[in-house]
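**Q** Take a look at the letters that make up each chain.
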Amino acid sequence: MADTFEKVKQIVVDRLDVDEDKVTLEASFKDDLEADSLDVVELVMELEDEFDLEIADEEAEKIATVGDAVNYIDSKQ
Amino acid sequence: MVNGQVVLITGASRGIGREIALTFARNGAKVVVNYSGSEGKAQAVVDEIIADGGEAIKIKANVSKEEEVKAMVKETIKTFGSLDVLVNNAGITRDNLLMRMSEADFDDVIDINLKGVFLCTKAVTRQMMKQKSGRIINVSSVVGVSGNPGQANYVSAKAGVIGLTKTTAKELAARNILVNAIAPGFISTDMTDKLTEEQREQMLALIPLNKLGEAKDVANVALFLASEQSNYITGQTIQVDGGMVM
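Listed in order, the protein sequences are those of chains A and B.
Take the position in the first sequence, starting the count at 1, then add 63; the result is the number in my numbering.
Take the position in the second sequence, starting the count at 1, then add 113; the result is the number in my numbering.
Hints listed in this document are in silico derivations from the structure and should not be mistaken for laboratory results.
Among the hints, erroneous ones may be present.
To be verified - With a straight-line cut-off of 30 Å between C-alpha atoms, the simulated BS3-like cross-links for lysine-lysine are:
id, chain 1, residue 1, chain 2, residue 2
1, B, LYS243, A, LYS125
2, A, LYS125, B, LYS187
3, B, LYS191, B, LYS235
None of these values were measured; they are calculated from a predicted model.
Next up, chain B with everything else stripped away, as it sits in the complex:
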């Protein structure tokens, strides 16, 4: 489905990003595993892909720093000769009730989860415009649609990503660059492991399919959005949430 395509995945050392990297590699893509802090884990993803007969490299970059993002995109193109798919997945949480949320906690989450998407998108656009094709897949969250107590910063960023997805889709449609978002619900990862038992139970009660999602459920949708099977879809947000928000 994505055989021979070059895919850059931000925040790919863990969780959903890791699963997206492995899924694309299994389907023949050349994968760039971006990471910010977890070098060992990023290397493990690269090693796993290579052991499986695939192609991958890791590149360190903080997605909220324009210079680092530009250098990452440059290195990707230098290494693999093109850039066909960008998956904006990098994200952090700094949960707290609004009344207790510090300005720094708000800024940090907006910087990585929203500004990071803007910077990475901007950096790859030139190459994709030249190629007259490209796919940008933004990992938002279902809470960006529904809201969620304790996540004012995260929800603001994820809702922002949905708006950014729509605008980017409209601006780049004329150059055959398709831009969509995925809004995962409650997916079992390191990030959701941090939630309290109470939060977890409350959320499960809200999921019609009555179970957590797996990272591969999200990765499969990312694969679809990068493939020819989604040629007529742009500007959309696809919820992968077991029916949690309708």
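Here chain A stands alone, though its shape is the one from the complex:
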């Protein structure tokens, strides 16, 4: 979990160009990290590549916070 979080955090920092300390498990991509819908889609694509998994569209839609992404990835590993 901690490991997944670190990896996700790094991708979020790179992709959304935000400060590392803003990327908490509770942080919402859209509300706290200033991502628009397209940014979130792109981020999910990158997570799929990084963790080598396929996230179905219905599942991807439920990912709103950094924690959601981390939990989803951990549940599939």
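Could you slot chain B onto chain A? The hints should help.
**A** Just chain B now, kept in the frame of chain A:
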């Protein structure tokens, strides 16, 4: 103009799609010739491109089936390493007066001509977003703008493509993916050969340039829309119709 670019053209074994494939290949693009039924004709297009010193492969896929479309895009990227231009050209007709048009005829045309554009666009978007560049060119029809008796299904699909073009253009503009449509008028192809003599004469009377268009007239616009010369154009529908609808 498109030298080294990878171009996927749906329905490229015949007619306008074939001409677009040959035109892009002549201009240095690597071409994927998609086909659904006409394997021999698709191979002939590939052979012609290769004989001319170009690069091309053919891939079979029914554009209305998501799995087949995904596999086609995957194979394209695997073969050529990128995907720069998608030309949504595949189309069918099942003409009949609305009163006589079956539900199946309506559904079939919407599936290929409209849903097919959606599925192919969706499938290439991931790669183009990663590349932060791409061009999507949708072949609509001037009847999608004007309406046409006997083509309720076809016109609905082609008008839908224009709306889809605008929405896709707005959604993807931020990633430098430009999306435009071409609306051909009366172009001489297998598809227009099926029209009756009466339909043909009626249409000619409506064309200010007083002649049929050639497939290359459409292909040249597709080339323009894929090139740097159209960098500031997105969401538009360009009519190639001899002035038929203004």
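**Q** Now tell me if each hint is right for this structure.
**A** A quick look at each hint next to the structure:
Our distance criterion of 30 Å between C-alpha atoms is met by B:LYS243 and A:LYS125, whose separation comes to about 22 Å. Taking the CA atoms of A:LYS125 and B:LYS187, the gap is about 26 Å. The hint holds against a cut of 30 Å. Proximity of B:LYS191 to B:LYS235 is assessed by CA-CA distance (about 18 Å); at most 30 Å being required, the pair is judged to hold.
This entry satisfies every hint, going by the numbered hints stated previously.
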